[in-house]
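Visitor: From the two separate chains plus the hints, produce the assembled complex.
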Amino acid sequence: MENILTALLSLIILIAALAAIYLRNMISAILAAGLVSLFASILYLLMAAPDVAMTEAAIGAGLSTVIFLLAFRKTRDEEVENG
Amino acid sequence: MVRKSIALALMTGLAFILASILGDWSPMERLSGVAYDYVAHGASDLGAMNLVTAIVVTYRGLDTLGEVTVLFLAASGVAVLLRRADGEQQEKTQSKRAASEIVTTGASLLSPFIVMFGAYIFLNGHLSPGGGFQGGAVIASAVLLLFLAHPDYKLRHDVLNIIESFSGFTYVLVGLLGLFLAGGFLDNRFLPLGAYGTILSAGSIPLIYTLIGLKVGTELAGILENMKGRAL
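For the protein sequence lines, the chains are A and B, in the order given.
Residue numbering for the first sequence is 1 to 83, as defined by this note's numbering.
Residue numbering for the second sequence is 1 to 232, as defined by this note's numbering.
Next up, chain B with everything else stripped away, as it sits in the complex (with noise of 0.2 Å):
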């Protein structure tokens, strides 16, 4: 009784708090504050089609590296709690079901085309919507179909970690050539802008990206391949 009405107090105080919020709210007529100065400023500064893509990468590029880290962390995570050693892969061999021709066929045919949709997402990233997370989603899906074709489809790991190594590296040092030869950290400017909407331009934005799409995509085909173990 008590911890029932403890609660509807809760509820009573949130909606309270909620019922005044909505109260004055009232659409936003013009971008406030430092939104604006991206919004004005974005496209001169950077060189990015994409405005999105330039305050993401650039402008909150220490933001994006968190969540890179973020999900390398719970990529690790899945991997330590999941990977099997090698000598327990063998045991459980024949309750693995094949796939039926059509799905196996379809995989074959469709992965392809899906990586290199990937590949242009992260590619296209200052260009159109889109960039590295999307990238490499789109590609980790991909791997999820040939999982599902193949069940005893094996990844190379020593392939994924070295890409992964690579790109997390080299993103770091991207940002560090950004604070030495341009502007701040993860700063874009010191490779040319380029002509503005062209694949070659906002200066280290499709570098980055590209990066970005490469650890994403191989974390999560890791993760998939760790969660998948036995059960699929």
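Next comes chain A alone, as it looks inside the complex (with noise of 0.2 Å):
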């Protein structure tokens, strides 16, 4: 049960992390990119790691991905005004 668990969680997160490199919109592949650590930290949980899978969700899949979402924001903000 544990190892189905493990292999459909990492394929979860492979498809994610290719889904983060091809999407061709930048938001849905941040969110992708997200997606990855998010089921990472399922993942650390099941491998008995609660301290990692905790630092993992709030850094990884939370923080990260609003830092990135807020330097895509002000970077496309800066070159709409640059022309």
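Keep in mind the hints are simulated off the structure, nothing from the lab.
Positions of the beta carbon are idealized from the N, C-alpha and C atoms, including for glycine.
There's no promise every hint is true.
Far from chain B, by Cβ distances over 12 Å, these chain A residues were calculated [said to hold, decoys possible]: (1) L8; (2) A32; (3) M54; (4) V66.
Covered stretches of chain A, going by a simulated chain B footprint (3 or more residues, C-beta under 8 Å) [said to hold, decoys possible]: (5) 56–62; (6) 67–76.
Guide: Encoded structure:
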């Protein structure tokens, strides 16, 4: 059971990572990268590492996704301003 | 063509190395060397129920100090690059759209509890999973929620800076106290170990993790505010 779950989570992580690379829409790509962290944190929890899972969920899936989104927003603004 | 063949050769070499590593891999039956020592003596030596915390804060405390320093440098870099002078803050205020009432009410209701949960995580770092970094990140997410609900929300930079500098300075001071009063830098045993499994136990570990939690929380909140700028 646990092996199946691990395999499934790994598969989802791989798909999300590929989506983060190949998606043309930047915001979808950033969200896909956040999804990688989210499922990785579940995987860490399954592997009995709750400390790492907490860090990954709070920083990887939460804050860094938001910081990427803010940075994307900021750079796009600058590009529009500079013509 | 040449570049492609070089890349192909590199990939093949890497695959060969990884395959040979994977070939004779077997799950670890028992802990080896220093890991065994940590697990065997960690609980009795340091009095921390959460062994991960005991290792991160004391045995590998210098690494943690390094991590805190890295985060501090990153936060300072973001501040130097993105913080705007007081004069130019008012340039574009009309474009900010207020959040809906659901978001503002939810944020006002939830953010105190999220901050409390973050404080719980780092205060119980020596008893349950989690610690300073995780608790600090949770507190920063409460600040993020406030920013989403109130785009014009301003943090008190002077208060944040004082908290951050104070906790960083005290962290090093606690480490030095361990050096002079106990076995070494960041040794937690200069405070009484207390009863195993209670909130006031494990020497200075709760103190150190509280300081790290405050520092990480204020730093991440500062990064968020500086990144926010006029984007949100």
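Visitor: Compare the structure with each hint and give your call.
Guide: To see whether the hints hold, each was checked on the structure:
Separation of L8 (chain A) from chain B is adequate, the least Cβ-Cβ distance of about 21 Å exceeding the 12 Å criterion. Every CB of chain B lies more than 12 Å from the CB of A32 (chain A), the least distance being 20 Å, so the non-interface label holds. With a closest Cβ-Cβ approach of about 4 Å to chain B, M54 (chain A) is found to fall inside the 12 Å limit, against its non-interface label. Not every Cβ of chain B is farther than 12 Å from the Cβ of V66 (chain A); the closest lies at roughly 6 Å, contradicting the non-interface assignment.
Three residues within the 8 Å Cβ limit are the bar, and the region 56–62 of chain A against chain B gives 3, so the coverage statement holds. Counting residues of the region 67–76 of chain A whose beta-carbon sits less than 8 Å from any beta-carbon of chain B gives 5, enough to reach three: the coverage restraint holds.
Of the numbered hints stated above, those contradicted by the structure are hints 3 and 4, listed in ascending order.
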